[in-house]
Each structure stands twice: as structure tokens, then as C-alpha cells.
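Protein chains in written order, with UniProt numbering: chain U, 1 to 332; chain Y, 1 to 332.
For the record, the hints were derived by calculation from the structure and aren't laboratory data. Fair warning: this is a prediction, and the values are worked out from it, not measured in the lab. Just to be clear, a hint being listed does not mean it is correct.
[What the hints assert, rightly or not] FRET-style restraints, in silico, Cβ to Cβ: (1) Glu224(U) with Lys320(Y): 36 to 42 Å; (2) Gly203(U) with Asn54(Y): 48 to 54 Å; (3) Lys129(U) with Lys96(Y): 37 to 43 Å.
Idealized CB from N, CA, C, for every residue including glycine.
Number of protein chains: 2
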Amino acid sequence: MKAVTLNFTTSSKLKLEDVPVRPLENGEVLVAIKAAALNHRDEWCRQGLYPNINEGVILGSDGSGIVEEVAEGIDLGWIGKEVIINPAINWGEDQKVQSKDFQILGMPRNGTLAEKVIVSVDRLHLKPKHLSFEEAGALPLAGLTAFRALFYQGQLKSNEKVLITGFGGGVAQFAFQFAKAAGAKVYASSSSEEKRNVAKELGAISVYDYTKEDWVENALKESEGFDLIIDSAAGDALNNLINVVKPGGKIVFYGATRGNPSTLIARKVFWNQIKIIGTTMGSDQDFEEMVSFIKDHEIKPIIDHVFTFEQAEEAFDRMKAGKQLGKIVLTP
Amino acid sequence: MKAVTLNFTTSSKLKLEDVPVRPLENGEVLVAIKAAALNHRDEWCRQGLYPNINEGVILGSDGSGIVEEVAEGIDLGWIGKEVIINPAINWGEDQKVQSKDFQILGMPRNGTLAEKVIVSVDRLHLKPKHLSFEEAGALPLAGLTAFRALFYQGQLKSNEKVLITGFGGGVAQFAFQFAKAAGAKVYASSSSEEKRNVAKELGAISVYDYTKEDWVENALKESEGFDLIIDSAAGDALNNLINVVKPGGKIVFYGATRGNPSTLIARKVFWNQIKIIGTTMGSDQDFEEMVSFIKDHEIKPIIDHVFTFEQAEEAFDRMKAGKQLGKIVLTP
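Model the full structure from these sequences, guided by the hints.
What follows is the structure, given as C-alpha cells:
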């Protein structure tokens, strides 16, 4: 089968090559991929930013497809089913946090940027009928992360005011759509005017350019503070978030693309009873609830662009440049 | 009546003087104080560290006593009752956070370091029978802060592992006692060998000297990480706490005596799904639950020393030096 693998000898660090399909083991199924999607994680693997990166691995955490083959003992009814794949492997029993055995599909295990992928049958969910394969394939990792951040960690209630920072990235767009669907009042920030305009079109009450010095002041004036902020930047901007979150409010962050903050205004955090909450991916329960939520509210992921596997380098470079608005999808 | 007031002309910044008792207003009661207790807040008022400090105010947030007089319309049954006073005024309706009108008894309003204090009748709770006036007077502010930190913010469950940092201070000792009573496995840290020994005697599973470089390593080895940490220091030590809290665990802090941390290891916070939660004092609901808890478990506050009002300077200096283990009580 054709697959996009990590290869440190090519200039793109990627290689479209023929890879043999290994036999299924107990509990496994073979899914013919119809659409895969990129996450920052894939780009960071390409850049070698994770420990123990194994060259030759098939990248890709997100995928949708059709079940082609099942291991002995698995219900044959799965064959031919249209599915999406939960890329969170071995989360474990604790809803609070992943176990030590937790893995993400697409490094170290072979992922979805291939004509076929092998996963445990318990990673399969039926594809919501209102979604195309491209839309369904765009959902898993970012949708799961956004859902857990908003609802399990953020405990979002309808009518609460939510700020989504860095609008345009995959998790941020899902967080925006989910929060809207849940009846929250949604605000967004981005350094890109184009992305701010899209957020407005999608129903943001207000949008902010976080590169402007007065954005905190303006946001406080307009919103009177946010009940919940969903962020992936951290860095020194975290203290701006502490200043625009409502007393008693929450800042949930799932990344630290701007690194560690160089201070934390501790007195404000304790006196205003603010919660700073780290989150990552989600449990099986979160995934199941996310899929139900998507169906109930007929949410469609925003697709930035659909590439073929042959265009993988272009797709990765677009992710790296942060130009995308919505998910970058690849099809075999 | 005699009262300890804030006075910037004396060397001690305190003055024991005669102050007239004003008439009661609607909803108020007059309590004859039997015992008052000090908090760091009183010392910080003495040092002028709060904005809008009014000279001449009677300090003191903690007190127990006997109701002597009630305003018209209030149940006369209160007269003669032995009570403790909830020093949290105007918390408001939101369990998550105090309102903008929130005040603490003993600045700007006259407090408990006096023969008599005037408070709203809704601040009164019957003194638990198993407590002396000295013990009951030691309870309110620190007990309330500890109770909210552990149970509302920290959501402590029995058998969870809790680390109480800076053992010896008022809130820390209550947090220690409450957590033990709730069936948690309690650990403590202190820079003082004497205080660490007391924590051991009171049933700490292990104690740590946080001035030693290897304490984080040792604590991790012995505890395999804490589910909950109760802290009032913040500062750079916050990152040590991030290293010893269990993945999915909580760090609840109610002060920042060491100031702002100079960094925050953000990646660890989000990947380990850690919650950093600020807290302060507590709501009326927290206070009521705290008093019930104290009664149910027959908890007795640890008293460091009982001084008279005449010895106020000595009492404040002991608090300032951090020598106390338990609460510093003053009686008229």
C-alpha cells in the first residue's frame, strides 16, 4: 500500500512509498483510509521535536474510512462499515488523566497517512451520517482535544462567555463551533485579520488582535471578563489571560506554543480564585460524547484544503506556516 | 470598651485604648468577645501593606464570645448564646467567587481585638460545644480558608494523598487536621525541624524540608505523587509542586508569600493535566459546612499561645517571626 512515512534523507523529511500490510493481530481491524487530516503533532514529528522518533513510521492521527478486514473473533458486521478512528490509544480508566501507556496513533504506531491502517476494533466509531469522509477524517484529534477542554475541564455552561485564542488552528475552530452549539457566547482572538473576519462571520460576538497592546482593555470593556478561556499558546500572554478572565473563571490550555511564561501574577490568581487547567487529547468517554455532540448539533468541521498524498509536503508546509483556517485533509 | 487599634504613631503600630461602643443598626448584634485570634492579615495591616488602611481601626478577624445585645427585630433568643463569628462579609451568591462588595472583618470594619464587636446577626454560628472559647476563637478565618481549599476547590476524597506546605501556619494546620479527619493520607513540609516533628506526631506519613534540594525527589519516591497540594507560598517553589503533584492532580494556593514564580513549566502542566487553582477565604456555605465538619469530627484547633490584649505587641511579633505552631490567641 502507499503511505506517507517519515524519512530523514529527503529534503521534505517525508516519503511516499510502498509499505507492506502486516497481518492482523488479536482485536485488530484493517481500515481502508478515505481521508486523513494533519495536526501540529505531525509537523513536530517531521521536525524531529519528539523523543524516540522512529524513522519510517507512517504519520497521521486523524482518519476516516471503510473497514476492510477484521481479526478472528471480531464481529464480521464491521466489514464495510464507514468509520472514524479514535487516535487516543490506552488512555486507561481514569477520566482525570491518561495512563502511562497512553499513545497517539501515528508515532510510534503507524498512522492514517496510508491507504490502510491497522487499529484496535475499540478505536472505531461509526461515521456520523451528516459528514463526508473528508469532514469525518478532520474530526478526531482536534475535536477530541477541544471537546475535553471545553466540557470536561472547562465545565462550560450555556450563556457563559468563552474566549478562544489563536482562532484558525484545528482545536480552536472546533472549540469555537462546539461552544457556539452549546449556547455559549463566543469570542475569538487571532493575529490574522482574515481569521478574525471568519470568526465574526461564524458568529463571534467580538474578535481581538492579540498583538495589539489594548486588546486586554477592550476585551474587558466589551465582555466584562470571560468565564472560560481556551488557549494553546501559554507564554507571557498567559498573564493577559489572567487579566481578562472573570473572577472565579477558568483558563484551560492544551499547548504552549509560546513556551513558558516568564512570570505568573500569583496574587491575582488566588484572590480572584482563577483556575489554570492543563489538558490534552481526551478519554474514550470524551470521544464518545464528542461524536454524539457532533451528531446532535450536526456540526461540520471546517476544511481548509484537501490535498492528495502526493502533495504531502505542500500540506505539511501549509500547516507549518500556520496559514490554514480549518483542517488540512489528505486523501489517498 | 478596651480595644487594640492600628496606630501609626506608636513604635508597635498598635494601641490598647478605650473606644466607645456605637449604637446597633438594623440586623446587627453586639458580641462580648471571650477570645480573638491573629492571622497574617492582621500583621500585614500593621505593616501597612494593604491599600486604604484606616488608622484607628480595631484589628482582628477571628473571635468567639457571648451575644450581649441585639438590634430591634432580631430574635431575643440570641442573647446569652455562645457564638463564633464568620469574618467573611458580603461574599454574595456565587459559590465560585466572592462579590465585589466582599470584606473581611477587622479592616475596614472594626474587628474582634476588643471587648465587644458589632456584626450582622447572619455572621453568628453557635460555638461547637466541644471547643473552649479560645479554641473556637482560633477557628474562623484560617479554618474557613483551609476548608474551602481542601473540599470545594481541591475536591478531596478519602485515601487521596495530600501535601500541606509550610506546616505550622494557621491555614496549614487546619488543612492538615481536616484532611486527616476526611481520611486522606497527609504529608507536610516545613523548613523547621520542630514543626516537621509535630506534623509527624500528628500523623503525617512523611515530612519534607523544602529548603533541601532533594526533597522533590524524595517526596516523589515515597508518595508516587500527590493528588492534592495546599500551598500559600507560590514563588519559584510552585514549579517544585508541579513536579511532585500526580498527573491529573491539583495545586490549590491561598497566598503568595514568596511572590510570583519566575517561570511556569507549562508543558508539564498541560501534558499531565494539572490544575493550578487560586482560592481565598470561603462562602457562607463553606463556613456552615466547616462548622459541621468540626463538630462531626470533634476537631480542636491547635493553640500556639494565649496572650492578653495588653500583650498584643508580643503576640503580633510572634506572628511576624513565624515562630508559632498553631493559632495565636488573645483574650480581653
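A quick look at each hint next to the structure:
no.: 1; hint: Glu224(U) with Lys320(Y): 36 to 42 Å; verdict: holds (39 Å)
no.: 2; hint: Gly203(U) with Asn54(Y): 48 to 54 Å; verdict: holds (49 Å)
no.: 3; hint: Lys129(U) with Lys96(Y): 37 to 43 Å; verdict: holds (40 Å)
When held up to the earlier numbered hints, the structure conflicts with none and fits them all.
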